[in-house]
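Engineer: Fit chain B to the given chain A structure using the hints.
Listed here are the chains, written in short residue letters.
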Amino acid sequence: MPRKVAVIGTGQTKTKMRRTDVDFPGLVHEAVSRALEDAGITIKDIDAVVFGSSPEYFEGVNNPEKWCLDASGGFMKPQFRIHTGGTVGASTGIGGFYHVASGMYDIVLAVTGDKLSEGEVQYNLSTVYDPIFGRDMACGAPSAVAHQASRYMHKYGVTEEQTAVAAVQDRKHAQNNPYAQLQLDITVEDVMKSPPISSPIKLLDACPASDGAAAMVFAVEEKAEKMCRRPAWVRAVSAIAETANYAYRDWSEPIALIKAAKKCYAACGIDNPRKQLDVIEMYDAFSPQMLIWAESLGLCERGDGGKFIESGAASMEGDIPINPSGGVLSANTIGATAMVRQVEVCLQVMSKADKRQVDEASWGLAHGWGGGIQFHTVMVVSSEKP
Amino acid sequence: MAERVAIVGVKEHKPAEAYRNLHFTSLIVDTVMPFLEEINMPWEEMESLVGAGCDMLDGRSISSVFTVDPMGGFMKEESKVEEDIALAVMYAFMRVASGSFKNALVCGYGKGSELHPHFFTGLQSEPVFMKPLGLDGLTTSAIQATAYMSKYGVSREAGAAMAAHDLHNALKNPNAQRAMDVTVDEVLKSKELAYPITELEYVPVSDGCVAVMLASEEVAGKYTDKPVWIEGIGNCNDLFYPGHRDLADSRGVKAAAERAYKMADIGASDIDLAEVYGYSSWQELMVLEGMGFAEDGAAPKALEAGKFGMEGELPVNMSGGALSANVWMACGGSRIAECFLQLRGEAGDRQVDGAKKAAAHATTGLALQSNTVMVLGR
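The listed protein sequences correspond, in order, to chains A and B.
Those letters in the first sequence? Residues 1 to 386, per this note's numbering, in order.
Those letters in the second sequence? Residues 1001 to 1378, per this note's numbering, in order.
Everything labelled a hint here was simulated from the structure, so no lab data went into it.
It should be emphasised that the depicted structure is a prediction, and the values quoted were computed from it without experimental measurement.
Heads up, some of the hints might be wrong.
[Stated by the list, open to error] Just the calculated beta-carbon pair ranges, DEER-fashion:
no., chain 1, residue 1, chain 2, residue 2, range
1, A, A267, B, D1265, 47 to 53 Å
2, A, P386, B, R1020, 51 to 57 Å
3, B, R1020, A, M137, 51 to 57 Å
4, B, T1183, A, T20, 56 to 62 Å
5, A, D354, B, L1239, 54 to 60 Å
6, B, E1038, A, M137, 54 to 60 Å
7, A, E317, B, S1113, 55 to 61 Å
8, A, Q276, B, S1113, 23 to 29 Å
[As the list claims (entries may be wrong)] Sample of chain A residues facing chain B (criterion: CB under 10 Å; computed from the structure):
no., residue
9, K66
10, C68
11, M76
12, S91
13, P178
[Said to hold, decoys possible] Pulled a few chain B residues facing chain A out of the computed Cβ check, cut under 8 Å:
no., residue
14, G1073
15, L1123
16, T1364
For glycine and all other residues, C-beta sits at the position ideal for the given N, C-alpha and C.
Okay, chain A solo, but in the shape it has when bound (with noise of 0.2 Å):
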């Protein structure tokens, strides 16, 4: 059995179109000095560094966690880059777990983070798709997720003003967490009336470029319970990829995600998620994401995201707020973003979250998509020990 681990510190940049003030490595030393500050330890307490970023083109820079070392703490220290796409923050968190859960580390910090305002992000994503079969049609992101978008919208005749109430929700949520770039007082009209970027993605349906750096610091049991009044104990993890070839998928209904919140529901004993847990942070970069994620994670019946969004739900006041934070809608740095997503539900489990604060909220999902839409990724965070 993997030994008992938990989250005992976190910390985030304020995320912003651009920083003009701190290079790549200032804004991972930002990260990384909340997250030791919050943890109440320094850096000689850390036994390992885990450093996650997405693609070096970001950046322009190779191998960016060499870079990084002196700010991320890493010196004389073990650390490596793990590097999966839009899932980079929540492996990298998950790798966090596995060097403690391995019993080599007692206290190791996870940071992830990315500069997006160095480069074209767009220009770089189009360069996911195969040189010569796929980059011809290559449009960045939202033309992937217009496809996914498009074939949930026509399977289950949800509509686009049903996706905008996400939209919309994610950016009021966001009105409550101070490291939120889109702060937004939106309807669903306007959401509506914004310019098309894909359709049926629109402006106000699709998340901004930020810069931007997250960390975590994860304890091992003994040391969780004494160094921390209130850990996040790291329930259950799951990392699941999909195939790449387009044609052989369904994109409304991921099977990795599916497999993955199987897999961690099992682990934690959860037969119903929506009844269990108590707050979910999840990865929508495009506001249609939400409701297929969350009919995935099993919060509502397959197809009925629509009516379960336009319910309320989902938002602060309904039965499983998800995205406190504002989610990916609000803020979107792709290195940080799913390490964000643990770090918003471990805030939320220790009774930290502040303004958006779930009441009584003990039990928490983080998930993370990424890829060519193939990977998710889901952690479970509890404040009650396994």
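Structural biologist: Same frame as chain A, now just chain B:
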């Protein structure tokens, strides 16, 4: 550790200067598919995957989008370490040691032929202060070699002798890409790349792929009757800017080796065989010192005295080392593969007698910034 972890199989795709007709996904398929058959592991039984590849090398953002399938990762627990495969093995070790998985495939690949030879390392330099100086794997190795020569009064012949040693060993390795009998003088007379480093003292450009299968003690016997145990792993990262370090001092290698030896509960003298990875023969000498096989500045003398030869006290780089083939992202895997074969008595003409413990080393970054040492035992 919750679980003991073994390497139950390795597979090295023969490296070449350029596989023009093989896409990187083809290189992977040609390695992984026969590998699973060789170790009798049905694909369904494979539980998890840790890949090692590099976007910058592949010319693709998130290149793992298209490598997960050929690596057999479809619907499996998966992650990717964008470092040399040795670090992916380290991560996979943790995942299996935690008791979460019974096995883990690790696969690293690279096609150096598709990138300018110095871009892979050159693009690791920081954009404002370092890039204009042209600092890359080669030039930082050269500065390092000069610092080493000056600090310890070592002559230029030392690096050439190490290169001749490696290239000679490579003659017995069917997977070597560059192998030859050369004299020290001939190495020195080969094309100068960046003083004092000549062409034969620096790693060649290679295409290739390496796969390693890890398994927990509980199931290892299912795939082999000769498991090789991962007894210790140490990693250490030194400062990024070469100017902030004493480049002649290999303190990062020392710390990594100390950690690996401590975990394995052994000392440097217990190691019977070593495989080291330097971008240049000069770095290899420094790594040998860092791993405790010679005093600081004394590796050239130990080499001259025959310590690192096949019949010596501690045979080093029987495979030919990175000078015989350097597949970025997979080269550390070739070091691990050689130790694995030697410990199992399967190293053919280059087999060393009775090796019980072997140490594999890998480096990443510029001028030995990051180092990994792995102690393997049978």
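Engineer: Does each hint hold? Answer for all of them.
Structural biologist: We went through each hint and held it up to the structure:
1. Between A:A267 and B:D1265 the beta carbon distance is about 33 Å. The supplied range of 47 to 53 Å is therefore violated.
2. The beta-carbon spacing between A:P386 and B:R1020, approximately 53 Å, falls within the hinted interval of 51 to 57 Å.
3. Look at B:R1020 against A:M137: about 26 Å separates their beta carbons, and that is not inside 51 to 57 Å.
4. Between B:T1183 and A:T20, the C-beta spacing of about 57 Å keeps the proposed range 56 to 62 Å intact.
5. At about 37 Å, the CB distance of A:D354 to B:L1239 disagrees with the hint of 54 to 60 Å.
6. A C-beta distance of roughly 39 Å is found between B:E1038 and A:M137, which places it outside the suggested range of 54 to 60 Å.
7. Against the hinted window of 55 to 61 Å, the Cβ-Cβ separation of A:E317 and B:S1113 comes to about 59 Å, which satisfies the hint.
8. One distance hint, 23 to 29 Å for the beta-carbon pair A:Q276 and B:S1113, is violated here, with the actual separation near 53 Å.
9. Interface hint status for A:K66: upheld, as the beta-carbon distance to the closest one in chain B is roughly 4 Å, under 10 Å.
10. Given hint, A:C68 at the interface with chain B, holds; its Cβ is 8 Å from that chain's nearest Cβ, closer than 10 Å.
11. Taking 10 Å as the C-beta contact cut-off toward chain B, the hint placing A:M76 at the interface holds, the least distance being around 6 Å.
12. Evaluation of the A:S91 hint against chain B yields a held restraint, the C-beta minimum of about 5 Å falling below 10 Å.
13. With a least beta-carbon distance of about 30 Å to chain B, the hint placing A:P178 at the interface is violated under the 10 Å criterion.
14. Because the closest C-beta pair between B:G1073 and chain A is about 5 Å apart, less than 8 Å, the hint holds.
15. For the restraint placing B:L1123 at the interface with chain A, the shortest Cβ-Cβ distance is roughly 4 Å, inside the 8 Å limit, so the hint holds.
16. Taking 8 Å as the C-beta contact cut-off toward chain A, the hint placing B:T1364 at the interface holds, the least distance being around 7 Å.
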